[in-house]
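Asker: Each chain is listed here by its residues.
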Amino acid sequence: MFEIKPIFNALLRSKAGALMLLIQVAITVAIVSNAAFIIQDRIEYLQQDTGYPEDEVFSFTVFTYSDDIDLIQKFEENETMLRNLPGVINAVAASEVPLSGSGSASSFQLDADPTDSKSVRAAYSGGDENFLDTLGVSVSEGRNFNPDEVIVSQDLSKIPTVIIVSRAFLEEMFPEGNGLGNTVYMGPAPLKIVGVVDKMMGPWLKDRAADNYIIFPFLQPNNFQKFIVRANAGEREAIMRQIEDIMLEDYNKRVITNVRGMDEAKANYNASDILMMRMLVVLIVVLVLVTALGIFGLTVFNISKRTKQIGTRRALGARKSAIIRYFLVENSIICTAGLVIGSIAALYLGKALLQEYSLPELNNWYIVATALFVLVISLLSVVMPANKAANISPSVATRSI
Amino acid sequence: MLTMTNISKVYQTEKVQTHALRDFNLQVNEGEFIAVTGPSGSGKTTFLNIAGMLENFTGGQYMLDDVDIGKLNDNARADLRNQKIGFIFQGFNLIPDLNLYENVEVPLRYRGIKAAERKRRIEDCLEKVGLGSRAKHLPQQLSGGQQQRVAIARALAGQPRFLLADEPTGNLDSLMARQVMELLEQINKEGATIVMVTHDPELARRAPRNIQVVDGKLADFTLYQSREAVLDTANDNKMKSAVEA
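Going down the list, the protein sequences come from chains A and B.
Once you know that position 18 of the first sequence is 18 in our numbering, the rest is easy, because the numbers rise by one and skip nothing.
Once you know that position 160 of the second sequence is 160 in our numbering, the rest is easy, because the numbers rise by one and skip nothing.
These are calculated hints, taken from the structure and not from any lab test.
Among the hints, a few may not be true.
[To be verified] Calculated cross-link-like contacts (lysine to any residue; reagent style SDA-like; alpha-carbon spacing at most 25 Å):
(1) A:K5 to B:Y101
(2) A:K206 to A:N270
(3) A:K320 to B:K71
(4) A:K5 to B:D124
(5) A:K192 to A:S106
(6) A:K5 to B:A115
(7) A:K320 to B:P160
(8) A:K5 to B:L98
(9) A:K74 to A:L156
(10) B:K119 to A:L12
(11) A:K308 to B:H199
(12) B:K114 to A:F296
(13) B:K15 to A:S395
(14) A:K320 to B:D68
(15) A:K320 to A:F296
(16) B:K119 to A:F8
(17) B:K71 to B:D124
(18) B:K136 to A:K74
(19) A:K308 to B:N73
(20) A:K74 to A:A322
(21) A:K320 to B:L98
(22) A:K308 to B:D74
(23) A:K320 to B:N56
(24) A:K320 to A:I4
(25) A:K74 to A:S95
(26) B:K136 to A:N178
(27) A:K320 to B:G91
(28) A:K320 to B:G112
(29) B:K136 to A:V329
(30) B:K119 to A:A322
(31) B:K71 to B:T18
(32) A:K74 to A:G51
(33) A:K305 to B:D68
(34) A:K320 to B:I69
I would like the entire structure built from these sequences, with the hints used as guidance.
Answerer: Here's what the structure looks like:
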C-alpha cells in the first residue's frame, strides 16, 4: 500500500537530489539537537535559584576622595540613614556584592597546617549582622552574627573568629553532616561556623563552586566602599534614582557610582550567555527553515519533473490520496535515513563539545525530540506540493507535449 | 459494453469556448477492435480521454458496463479505470526510475493485489510481450518498440475489460509498429475489446471497425471499412433509392 520498495528502488536509481536532502536533514538534526540542549542548559543556568530576591536588592559604590572624615563613623551613619528611608527594608556596607561578577575567594582548610589538610575553595564577603537580612536570606541552622562579633576597623590585625557559610560549602567540607559549630582555617586563622544559609550564591555564577559562599563579620571601610540595599520590589527603582542625591546631600566630597539592581548586575554578568542563546535560537530557526525550504523545493521540482508520470499513475488507477502518499513516503524514506545519520552525528558532536568546551553531556532525548520535530516539519513541507501533485489531471498522460 | 449518448465536451477559457466534442454517440460491443481516425484537433484524444475517464465530459451520458460514469466521484473513477481499462500511450509513459517489473506492477499495487499474485501476473505479461528475461532492465535500456511492449504488458496485467490505445505506434518505425499491431490483434483475439486512436490509415485498415471523428462528431465510418462492407452499403443505398422511387 505504501509502495516503499519501488519508491526506495527508484530513489537509489536517482540519488543526487535525495542525497543532498539527506545530508541537510542529518546536519540539521546534529546541530539543532545540540543547540537546543545548550539553550536548555543555559536557560536552567539563568533561571537557577540564587537564594536572593534579585528584584528587591541593589548596590552602589561610594568613592570618597576627601580624607577629612572618619569613614567608619560616616558609613555607620549612612547605613542608619539608608535603613530609615521609606521603602527600604535594610542596608549594609559590604566588602563584596554577590552575583556581581567581582569578589574574593580563598581556600579553607580543615586543619591549621595546610599541607595535609582537606581544602575547599569558597568565595567570601564581609559585613555586619545586617548583611544576610539585606540580601534577603537568613540562617536556617545556627545563628546570625552577634553585634559584638562584628569587627569594623582599618586595623587588619583584628580578625574575626566566626563565620556563616552556605550549605553547599558546609556539605563539601563536612560531608558527614557535623559542620555546624566546627572550625575551618583560612591560613592559620581558625574560624568557627556559627550559622548556615541554605541557598546563597557567590559573586561568580559560572564558577564550578558558585554556591560555596562564606560571610565574615568584618568590614574594613575604605575609599571605594560598596553598599547593598534591599527595598520593597515596587519601590526599588525610585530609591535607586534618588540614592546619589541622598548620599551627596549627607556628605558631598564623594562620588556615587555603579548604582545597579542585583538582577541587572546578574544580567550583565550573563550577557554573553544570553547573546549565545539568542544566536543559537537564530541558528536553529534558520537551519530548520532552510531544511523545510529545501524539502519543499525538492518536492516542487520533483513534481514538475514528474508531471507526466503523475498523470500516468492517475490514469493507471491511482487515487489522489495515493499520489499524496507517494510523496510523503518518498520524503519519509529520505528523512529517516537523514535522521539516523544525523542522530549519530549529534552524539559525536555532543561528545566533542563535552571534551572541547566542558559542556554537560548531551541528553539523548534531545536527539529523539529533534529528530521527531524535523520529521514533522519535513512532512508538513511536503503536504502542500504533494496536494498540488494530486490535482494534476490524469489526462496529461495522453498529452504529447 | 460502452455507450456514449450525446456526449459533449466544451473547453472554456476566459474568452473562448471550444467545442471539442458535440452530440457524440457511440456504441462499442464486447470483443470489438475499433480504430478511431480523424484529422488533428478533431477530438480523437478528447474522446479517448473521456472514454478512459481521464477527463470529465460537459453533457450527455456515458455508460460503461451499466455504470453511469457521469455520476461517479474522482475516487470511484480512479478505481474503475484501474479495474476495467488498460491504457497504451503514444509516448509509452513508462516510469524511468522503475525497472520493467516495477513498471508493470504499478496498476496492480493500486488495486491492492497480493505480492505473489502480482508476481505471477507480471511475469506472465512480460513473457507474453516477449520481454520476460528483461524484467530487471530500466526502460531507457530498451528500444521504443520494446518499451511499448512493456506498456502493453502493464495494460494487460490488470486484466482489463478493454484497452484504450492512443497512437500506440506513433513513435515507432514501421517494423516495430507492425509488431505492436500484431500484438494488439492477438490480444483482441483473446477477447479484449480495443479502441485505438491512430493517424495511420494502414493500421486503421487492419482494424475490423473504423470510426472517424471530424469536428468533434462521429462521421460516416465507411471510410476504412473493408471493400465488401462498402459494396454492401452501396447496394443497400441503391435498393433504398429504388424503393423510394
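Asker: Each of the hints needs a verdict: does it hold here or not?
Answerer: Hint-by-hint comparison with the structure:
With a C-alpha separation of about 12 Å, the suggested pairing of A:K5 with B:Y101 holds against the 25 Å cut-off. Between the alpha carbons of A:K206 and A:N270 the distance comes to roughly 9 Å, so the proposed pair stays at or under 25 Å and holds. The suggested pairing of A:K320 with B:K71 holds, with an alpha-carbon distance near 18 Å, which does not exceed 25 Å. For the proposed pair A:K5 and B:D124, the alpha carbon gap of about 21 Å is at most 25 Å, so the pair holds.
Of the supplied pair hints, the one linking A:K192 and A:S106 holds, its CA atoms being roughly 16 Å apart against a limit of 25 Å. The suggested pairing of A:K5 with B:A115 holds, with an alpha-carbon distance near 12 Å, which does not exceed 25 Å. For the given pair, A:K320 sits about 21 Å from B:P160 by alpha-carbon distance, which is consistent with the 25 Å threshold. With a CA separation close to 11 Å, the supplied pair A:K5 and B:L98 stays within the 25 Å bound.
Of the supplied pair hints, the one linking A:K74 and A:L156 holds, its CA atoms being roughly 19 Å apart against a limit of 25 Å. Only pairs whose Cα atoms come within 25 Å are accepted, and B:K119 paired with A:L12 is accepted, the gap being roughly 22 Å. Between the alpha carbons of A:K308 and B:H199 the distance comes to roughly 22 Å, so the proposed pair stays at or under 25 Å and holds. At roughly 33 Å between alpha-carbon atoms, B:K114 and A:F296 are farther apart than 25 Å, so this suggested pair is violated.
A threshold of 25 Å between alpha carbons decides the hint, and for B:K15 with A:S395 the separation of about 23 Å falls inside it, so the pair holds. Pair hint A:K320 plus B:D68 holds up; C-alpha atoms about 21 Å apart against a cutoff of 25 Å. Note on A:K320 and A:F296: the hinted pairing holds, with a Cα-Cα distance of about 19 Å set against a maximum of 25 Å. Between B:K119 and A:F8 the alpha-carbon distance is near 18 Å, which keeps this suggested pair within the 25 Å criterion.
Restraint check for B:K71 and B:D124: not satisfied, since their Cα atoms lie roughly 35 Å apart, outside the 25 Å limit. For a cut-off of 25 Å, the pair hint linking B:K136 to A:K74 is broken: about 98 Å separates their Cα positions. Between A:K308 and B:N73, the direct Cα distance comes to roughly 22 Å. Compliance with the 25 Å bound is thereby established for this hinted pair. Of the supplied pair hints, the one linking A:K74 and A:A322 is violated, its CA atoms being roughly 86 Å apart against a limit of 25 Å.
Note on A:K320 and B:L98: the hinted pairing holds, with a Cα-Cα distance of about 20 Å set against a maximum of 25 Å. Between A:K308 and B:D74, the direct Cα distance comes to roughly 19 Å. Compliance with the 25 Å bound is thereby established for this hinted pair. Proximity of A:K320 to B:N56 is assessed by CA-CA distance (about 16 Å); at most 25 Å being required, the pair is judged to hold. Between A:K320 and A:I4, the direct Cα distance comes to roughly 18 Å. Compliance with the 25 Å bound is thereby established for this hinted pair.
For the given pair, A:K74 sits about 16 Å from A:S95 by alpha-carbon distance, which is consistent with the 25 Å threshold. At roughly 80 Å between alpha-carbon atoms, B:K136 and A:N178 are farther apart than 25 Å, so this suggested pair is violated. Distance check on the hinted pair: A:K320 and B:G91 sit about 23 Å apart at the alpha-carbon level, within 25 Å; holds. At roughly 15 Å between alpha-carbon atoms, A:K320 and B:G112 fall within 25 Å of each other, so this suggested pair holds.
Among the hinted pairs, B:K136 with A:V329 is consistent with the structure: their alpha-carbon atoms are about 23 Å apart, no more than 25 Å. Only pairs whose Cα atoms come within 25 Å are accepted, and B:K119 paired with A:A322 is accepted, the gap being roughly 21 Å. Restraint check for B:K71 and B:T18: the C-alpha separation of about 24 Å stays at or below 25 Å, so the hint holds. Among the hinted pairs, A:K74 with A:G51 is inconsistent with the structure: their alpha-carbon atoms are about 30 Å apart, more than 25 Å.
Between A:K305 and B:D68 the CA atoms are separated by roughly 35 Å; this puts the pair beyond 25 Å, and the hint is violated. Restraint check for A:K320 and B:I69: the C-alpha separation of about 18 Å stays at or below 25 Å, so the hint holds.
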